[in-house]
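Take a look at the letters that make up each chain.
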Amino acid sequence: MPATDTVTAARPIVVETRHIVTRLGKQTIHQGVSLSVRQGEIAALIGGSGTGKSVLLKVLCGLLRPADGSARLFDTDIWVTDSETRQMVRQRFGMLFQDGALFSSLTVEQNIAAPLREHTRLSTAACLRLARLKLSMVGLEASAARKMPDELSGGMRKRAALARALALDPELLFLDEPTSGLDPVSARSFDQLLRTLRDNLGLTVLLITHDLDSLLALADQVIVLAQGKVLGSGTLPEIQQLQDPWLKAYFSSHPASHTPPTSTPEDTHGQ
Amino acid sequence: MTPAQLHLDLDNKLATASGSWRLIQLDKIETAAPNATEANPSSPVVLDGGQIDNLDPSGAYCLISRLAARGIAPEAVQTAGFSSQHQAIFDLVREHYPASLRQNETPLWQRGRALLRRLQQVERFMLESVRLIGVLGTETAQLLRHPGRFRYREFTNQIEAVFVSAIPLIALMMFLLGIVFAYLLGHQAIQYGANIFVVDGTTLAVCRELSPVLVAILVAGRSGSAITAQIGTMKFDEELDALRVMGLSPYQVLIIPRILALVCTLPLLVFVGDITGILGSMLVASRQLGIQPAEFITRMMSELDLPTVIIGLSKAPIFALFIGLIASEGGLHVEHSARSIGASTTVTVVRSIVAVIGINALIAITLVRLDI
Chain H
1 MPATDTVTAA RPIVVETRHI VTRLGKQTIH QGVSLSVRQG EIAALIGGSG
51 TGKSVLLKVL CGLLRPADGS ARLFDTDIWV TDSETRQMVR QRFGMLFQDG
101 ALFSSLTVEQ NIAAPLREHT RLSTAACLRL ARLKLSMVGL EASAARKMPD
151 ELSGGMRKRA ALARALALDP ELLFLDEPTS GLDPVSARSF DQLLRTLRDN
201 LGLTVLLITH DLDSLLALAD QVIVLAQGKV LGSGTLPEIQ QLQDPWLKAY
251 FSSHPASHTP PTSTPEDTHG Q
Chain C
1 MTPAQLHLDL DNKLATASGS WRLIQLDKIE TAAPNATEAN PSSPVVLDGG
51 QIDNLDPSGA YCLISRLAAR GIAPEAVQTA GFSSQHQAIF DLVREHYPAS
101 LRQNETPLWQ RGRALLRRLQ QVERFMLESV RLIGVLGTET AQLLRHPGRF
151 RYREFTNQIE AVFVSAIPLI ALMMFLLGIV FAYLLGHQAI QYGANIFVVD
201 GTTLAVCREL SPVLVAILVA GRSGSAITAQ IGTMKFDEEL DALRVMGLSP
251 YQVLIIPRIL ALVCTLPLLV FVGDITGILG SMLVASRQLG IQPAEFITRM
301 MSELDLPTVI IGLSKAPIFA LFIGLIASEG GLHVEHSARS IGASTTVTVV
351 RSIVAVIGIN ALIAITLVRL DI
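Chain order of the listed sequences is H and C. With this note's numbering, letter number 113 in the first sequence gets 113, and the count goes up by one each step, no holes. With this note's numbering, letter number 321 in the second sequence gets 321, and the count goes up by one each step, no holes.
Just chain H, with the same shape it has in the complex (with noise of 0.2 Å):
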């Protein structure tokens, strides 16, 4: 559903960063990132290893701060702000980490209805429907849900923290390379299932990828992460134009993306 450029436009940024510098010990990750993300966007973040993406990810989303710059999730800068209102924030974006980070010592449903017992007033019960409700959205079977995470295959560990993100009913959502260890077939029906719940929920989605079909399938914005800094942001189109060693070898990894997204073929296996 990409939406056509007057509407994108009237649309409230939701993620916005100016100018950000991070340090890790010596070492100097970004050099002045500066990015915006609008309402129901799917942006997402690519660039070689070692870019900084994933520091980026977690200076969004409060885990790191950053030496300058700032960090505006929903018009709030996040480290500027007191920590009742990050508290706040924190409250209205959800991350899905790499590896799913489920907490090992609960089952599923009781991974997923753990914020929503932290955070709400809901009875032990209700929390859990509500679980099971975001379980069945993603496409896990309800079988799955008094498994431990160690029993989950990688599709459905991915499916399961997708669902924790989306516990407290986000209107944001952080993801770290949602299709890596994913095989082909698994990694298609996630794309398909970003995009369903972004088309139903109004999502907006920050995501980082390696994946080029994830890419073609998803993104309305693209955001090239090098040397420190953005390099340059845009549709795929706009992107591919530009003029990059690493971009064009990106690109020519992948026959399909010399077409427009369009154009590919749509995924048929669904869930």
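The hints are simulated quantities; they were obtained by calculation from the structure and are not laboratory data. Hints are supplied without guarantee of correctness; some may be wrong.
Claimed, not checked - Computed list of chain C residues with no C-beta within reach of chain H, every gap over 10 Å:
(1) 124
(2) 153
(3) 218
(4) 297
(5) 314
(6) 335
To be verified - So the derived list for chain C, only partly shown, Cβ under 10 Å to chain H, looks like this:
(7) 29
(8) 31
(9) 62
(10) 85
(11) 113
C-beta: ideal position from N, C-alpha, C; glycine also.
Assemble chain C onto chain H, guided by the hints.
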């Protein structure tokens, strides 16, 4: 923000929802079963959502649950007046509503499942142990036929890890134990002037029971856990499978050298424990009871006979064998999660200690019956 409200007009089959239906504003979701006497579920009810300000999936769920509690099935709801965004959310939630209805487990059911799981674990442990003993038997027989395949390097490395680096710990622990034991015994004996019997008591107890059991427990905690963690990590990283693919047997390469190193060196460690335990009590005897070391040794030579020492030392290989088997089984048992390495290691230590104490009791009773 206006609160979420649902107005039902059952006579006209009309429901009106208004206000803000969002997770953060919810404090109750109807989980009760529908009341059968109320509205006929099959006849459609029109739900007017035109006045809904906000709707998120949990809010939609709450709305559907409330209707369901009044006997209106989700599929019997006809929506009207929803904004397109709210309609999409409502439809998505309605589609997945049935999946959420599975009964929550009652505590009794949970306990039952936990018990069943525990029983399955015991069953699996026993089967795996029998299998491991069988496999180790055949692998050892193969090694005996082809002694050249034995991993001497691994064996000596394990001797260093299990024995040489454990000596200071064992020596210190048994020395302290000898001191405490002799002190407490002497404290009683001195009241009856039975000072010299402290020598009998401490040397017999240390050589026959204390040193074998405590050293075995220390080794179970120190080396048994290490073996489980090493083999478990290798299993987790598929190193064991890599060995098999290369045509090597993980049992011959990793497990047999470890068990053999334990069996060979535990008696030596027990002997170290005997000596330092006796030295500890000798120190207390000379300070507290006025028994000089020479007198202590003379008395010990006449009272501590060789069979007692040998019984103590010969218990050690039996303990070592069990520790080795339990530790290897724990390592091979590790599943595909880092968490299970930790769990297996804990289980190994507990099982080994229980095994050591149990076997020791069995041997003690047998020996008493045999009058040894």
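How the hints compare with the structure:
| no. | hint | verdict |
| --- | --- | --- |
| 1 | 124 | 15 Å, holds |
| 2 | 153 | 35 Å, holds |
| 3 | 218 | 30 Å, holds |
| 4 | 297 | 56 Å, holds |
| 5 | 314 | 43 Å, holds |
| 6 | 335 | 7 Å, violated |
| 7 | 29 | 4 Å, holds |
| 8 | 31 | 5 Å, holds |
| 9 | 62 | 9 Å, holds |
| 10 | 85 | 6 Å, holds |
| 11 | 113 | 9 Å, holds |
Against the hints set out earlier in the document, a violation occurs for number 6 only.
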